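Colleague: Protein chains in written order, with the working numbering: chain A, 1 to 302; chain B, 303 to 604.
No wet-lab data here; the hints were simulated from the structure. A couple of the hints might just be wrong.
[As the list claims (entries may be wrong)] Quick list of in silico lysine-lysine cross-link-like pairs, DSS-like style, CA-CA up to 25 angstroms:
{"#": "1", "chain 1": "A", "residue 1": "K177", "chain 2": "B", "residue 2": "K506"}
{"#": "2", "chain 1": "B", "residue 1": "K580", "chain 2": "A", "residue 2": "K204"}
{"#": "3", "chain 1": "A", "residue 1": "K259", "chain 2": "B", "residue 2": "K492"}
{"#": "4", "chain 1": "A", "residue 1": "K20", "chain 2": "B", "residue 2": "K489"}
{"#": "5", "chain 1": "A", "residue 1": "K274", "chain 2": "A", "residue 2": "K20"}
{"#": "6", "chain 1": "A", "residue 1": "K204", "chain 2": "B", "residue 2": "K443"}
{"#": "7", "chain 1": "A", "residue 1": "K190", "chain 2": "B", "residue 2": "K506"}
{"#": "8", "chain 1": "B", "residue 1": "K479", "chain 2": "A", "residue 2": "K204"}
{"#": "9", "chain 1": "B", "residue 1": "K367", "chain 2": "A", "residue 2": "K293"}
{"#": "10", "chain 1": "A", "residue 1": "K187", "chain 2": "B", "residue 2": "K322"}
{"#": "11", "chain 1": "A", "residue 1": "K78", "chain 2": "A", "residue 2": "K132"}
{"#": "12", "chain 1": "A", "residue 1": "K187", "chain 2": "B", "residue 2": "K506"}
{"#": "13", "chain 1": "B", "residue 1": "K367", "chain 2": "B", "residue 2": "K443"}
{"#": "14", "chain 1": "A", "residue 1": "K285", "chain 2": "A", "residue 2": "K259"}
{"#": "15", "chain 1": "A", "residue 1": "K204", "chain 2": "B", "residue 2": "K560"}
{"#": "16", "chain 1": "A", "residue 1": "K259", "chain 2": "B", "residue 2": "K364"}
{"#": "17", "chain 1": "A", "residue 1": "K191", "chain 2": "A", "residue 2": "K204"}
{"#": "18", "chain 1": "A", "residue 1": "K164", "chain 2": "A", "residue 2": "K258"}
{"#": "19", "chain 1": "A", "residue 1": "K204", "chain 2": "A", "residue 2": "K274"}
{"#": "20", "chain 1": "B", "residue 1": "K479", "chain 2": "A", "residue 2": "K187"}
{"#": "21", "chain 1": "B", "residue 1": "K506", "chain 2": "A", "residue 2": "K293"}
{"#": "22", "chain 1": "A", "residue 1": "K258", "chain 2": "B", "residue 2": "K561"}
{"#": "23", "chain 1": "B", "residue 1": "K434", "chain 2": "A", "residue 2": "K190"}
{"#": "24", "chain 1": "A", "residue 1": "K187", "chain 2": "B", "residue 2": "K595"}
{"#": "25", "chain 1": "B", "residue 1": "K364", "chain 2": "B", "residue 2": "K576"}
{"#": "26", "chain 1": "A", "residue 1": "K258", "chain 2": "A", "residue 2": "K191"}
{"#": "27", "chain 1": "B", "residue 1": "K561", "chain 2": "A", "residue 2": "K278"}
{"#": "28", "chain 1": "B", "residue 1": "K576", "chain 2": "A", "residue 2": "K190"}
{"#": "29", "chain 1": "A", "residue 1": "K258", "chain 2": "B", "residue 2": "K595"}
{"#": "30", "chain 1": "A", "residue 1": "K187", "chain 2": "B", "residue 2": "K580"}
{"#": "31", "chain 1": "B", "residue 1": "K492", "chain 2": "A", "residue 2": "K293"}
{"#": "32", "chain 1": "B", "residue 1": "K443", "chain 2": "A", "residue 2": "K258"}
{"#": "33", "chain 1": "B", "residue 1": "K560", "chain 2": "A", "residue 2": "K293"}
{"#": "34", "chain 1": "B", "residue 1": "K407", "chain 2": "B", "residue 2": "K434"}
{"#": "35", "chain 1": "B", "residue 1": "K380", "chain 2": "A", "residue 2": "K293"}
{"#": "36", "chain 1": "A", "residue 1": "K258", "chain 2": "B", "residue 2": "K367"}
{"#": "37", "chain 1": "A", "residue 1": "K259", "chain 2": "B", "residue 2": "K587"}
{"#": "38", "chain 1": "B", "residue 1": "K506", "chain 2": "A", "residue 2": "K204"}
{"#": "39", "chain 1": "B", "residue 1": "K489", "chain 2": "A", "residue 2": "K293"}
{"#": "40", "chain 1": "A", "residue 1": "K204", "chain 2": "B", "residue 2": "K595"}
Computed from a predicted structure; not experimentally measured.
Protein chains: 2
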Amino acid sequence: MSLLVVGSVAFDSVETPVDKIDKALGGSATFCSVASSYFSDDVKMSGGVGEDFGEQNIEMLKNHKIDISGLDIVEGEKTFSYGCVYRDDMNVRDTLFTDLNVFEKFDPIIPEDMRGIPYVLLGNIMPSLQLKVLDQMTNLKFSVCDTMNLWINITREDLLKVIKRVNLLVINDSEAKMLADEGNLIKAAKKVMAMGPEYLIIKKGEHGAFLFGEGQIFSAPAFPLETVFDPTGAGDSFAGGFTGHLINASEINFETMKKAVIYGSTLASFCVEKFSTKGIENLSKETIEGRFKEFINLSRVD
Amino acid sequence: MSLLVVGSVAFDSVETPVDKIDKALGGSATFCSVASSYFSDDVKMSGGVGEDFGEQNIEMLKNHKIDISGLDIVEGEKTFSYGCVYRDDMNVRDTLFTDLNVFEKFDPIIPEDMRGIPYVLLGNIMPSLQLKVLDQMTNLKFSVCDTMNLWINITREDLLKVIKRVNLLVINDSEAKMLADEGNLIKAAKKVMAMGPEYLIIKKGEHGAFLFGEGQIFSAPAFPLETVFDPTGAGDSFAGGFTGHLINASEINFETMKKAVIYGSTLASFCVEKFSTKGIENLSKETIEGRFKEFINLSRVD
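Turn these sequences into a full structure, and let the hints steer you where they fit.
Modeller: The structure is reproduced here in structure tokens:
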């Protein structure tokens, strides 16, 4: 199935208690596209980068059979750059700098031939841009949207419009509580569901994820990792793996979505094991299936 | 199967953001015994109370067919009293007062006819007392031990001796990290396992529980509750439900322990719905089985 991924493409400079890396490939569209490419051979990525983006990064995306004809390489511009440092427990991230560069004028014009794609994954970008993407799509069957605390704080109205229109929203636990203004996560989930989406996924980091929909709840575990090398991109990898698996399932319902949550968690667990996209760049079907099975066994009671 | 439960018996004065209660029945032995009584018709409770304990509390324990011949009612003494207040998120508890009373001189002398009991649940009390109980048992087949951060801090050496001798240790996530002096929970679990116990359960509150043993990990979800009325006794109810189910299973191994973890979680989820032991006092087999099945379905992927 064809999947259109729209989001940011960035250079990330990341420092963790373990190590640091400078100007490594990142951005929501990047992680989402690479993660979903393991499940779909027709992933189309839309976004904008500067002329400094580099042949190596283009090659990596092409190696994953990602269609980057919707990726604008803007001459005279630089790629969006982001710098952050993770503190000891890896749960707190301090932003060091945000150079929007080409991203400042990013206008998500979806190429004509991609507007009829039935499946869209809206990676984390400004909600007004996500809305603009939705407006252009002519044949949407299922849409997934990721977002972040920043947009809940500064562009809440736009975000609410997006949430009303998408089929599934992916957020983390603190974002869900913030969005619903409710301290109990289950109550917060109900409030967010009332805002419009048919399905809701709440990511809880090292504590797994909740899926809500069809009057049901599914609780997925997290993979018990001894080392989290770099959490950057884990949420995007989750969204990519989830959506990639889901749209290629026999049908889209709560049951197939449960497996998709585990596949999303699988990709996220590989992501955090290395810097940048390195953890999800060279996976085999066997490696993914192996960890998927470990995930299933982790919570299985016979 | 016969189960000996040793621990504290107390009057708890608890204040939560929702409500408050004064001098209600509590204590580790109480919650453990009541919870395990749903799985075993031969639970023997050992502990000490003052002459103020009250007929009503004795009746409640007897109604659960708990043998309280090992419960000393000491004349001229008062029952151990504890007061605390829970803050907004129910994860932080501030102690208001601790009146040890009869508990100050508590010496766990196990009656002769109970020393041959093969299964022991050591509820949370001072580790030196837990050791004294273990020393008296003549035919131990499986022992479970619960503890708390206080003992890790002030009587670490005694606690390590207990941990070395019991088959299974139940602690929460912050205690595991404190005991192992390790920030990553999975690494901490390995370090604690190296201290002696065959099996380890790490309770994570609203995030469920991990079971470690036989080179395996099991991740159990928590029940998605919209209201936590009073968390007091949840951990003890978990330990009681877990141990009660386990010792009555066909055999004791990792597989039967997984189900026992879910039964423990089931009892804990009922416990937090009301003050004191009220949430676990009047359960039917059907109510317990119903929630057990809900728990299983919560993480089931077919």
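Colleague: All hints, please: hold or fail.
Modeller: Quick rundown of the hints versus the structure:
1. A:K177 - B:K506: Since the Cα atoms of K177 of chain A and K506 of chain B sit roughly 19 angstroms apart, the hinted pair holds (cutoff 25 angstroms).
2. B:K580 - A:K204: The hint is violated at about 31 angstroms.
3. A:K259 - B:K492: violated, 29 angstroms
4. A:K20 - B:K489: OK: K20 of chain A and K489 of chain B at ~23 angstroms, within 25 angstroms.
5. A:K274 - A:K20: Cα-Cα ~11 angstroms, so holds.
6. A:K204 - B:K443: Status violated; Cα separation ~38 angstroms.
7. A:K190 - B:K506: holds, 23 angstroms
8. B:K479 - A:K204: holds, 19 angstroms
9. B:K367 - A:K293: violated, 43 angstroms
10. A:K187 - B:K322: With Cα atoms ~23 angstroms apart, K187 of chain A and K322 of chain B stay inside 25 angstroms; holds.
11. A:K78 - A:K132: Given pair K78 of chain A, K132 of chain A holds - Cα atoms ~23 angstroms apart, limit 25 angstroms.
12. A:K187 - B:K506: Holds, at about 20 angstroms.
13. B:K367 - B:K443: Holds, at about 23 angstroms.
14. A:K285 - A:K259: Distance ~16 angstroms between K285 of chain A and K259 of chain A Cα, so the pair holds.
15. A:K204 - B:K560: holds, 22 angstroms
16. A:K259 - B:K364: Roughly 47 angstroms between the alpha carbons, so the hint for K259 of chain A and K364 of chain B is violated.
17. A:K191 - A:K204: Roughly 18 angstroms separates the two Cα atoms, so the pair holds.
18. A:K164 - A:K258: holds, 22 angstroms
19. A:K204 - A:K274: Roughly 20 angstroms separates the two Cα atoms, so the pair holds.
20. B:K479 - A:K187: violated, 30 angstroms
21. B:K506 - A:K293: With Cα atoms ~24 angstroms apart, K506 of chain B and K293 of chain A stay inside 25 angstroms; holds.
22. A:K258 - B:K561: Between K258 of chain A and K561 of chain B the Cα gap is close to 21 angstroms, so the pair holds against 25 angstroms.
23. B:K434 - A:K190: violated, 50 angstroms
24. A:K187 - B:K595: OK: K187 of chain A and K595 of chain B at ~22 angstroms, within 25 angstroms.
25. B:K364 - B:K576: holds, 21 angstroms
26. A:K258 - A:K191: holds, 21 angstroms
27. B:K561 - A:K278: Judged against 25 angstroms, a Cα distance of about 38 angstroms means the pair is violated.
28. B:K576 - A:K190: Status holds; Cα separation ~23 angstroms.
29. A:K258 - B:K595: holds, 18 angstroms
30. A:K187 - B:K580: holds, 24 angstroms
31. B:K492 - A:K293: holds, 22 angstroms
32. B:K443 - A:K258: violated, 40 angstroms
33. B:K560 - A:K293: The given pair, whose Cα atoms are some 18 angstroms apart, holds under the 25 angstroms limit.
34. B:K407 - B:K434: Roughly 14 angstroms separates the two Cα atoms, so the pair holds.
35. B:K380 - A:K293: Violated, at about 55 angstroms.
36. A:K258 - B:K367: This hinted pair is violated, its Cα atoms lying about 42 angstroms apart.
37. A:K259 - B:K587: violated, 32 angstroms
38. B:K506 - A:K204: The given pair, whose Cα atoms are some 13 angstroms apart, holds under the 25 angstroms limit.
39. B:K489 - A:K293: holds, 22 angstroms
40. A:K204 - B:K595: holds, 23 angstroms
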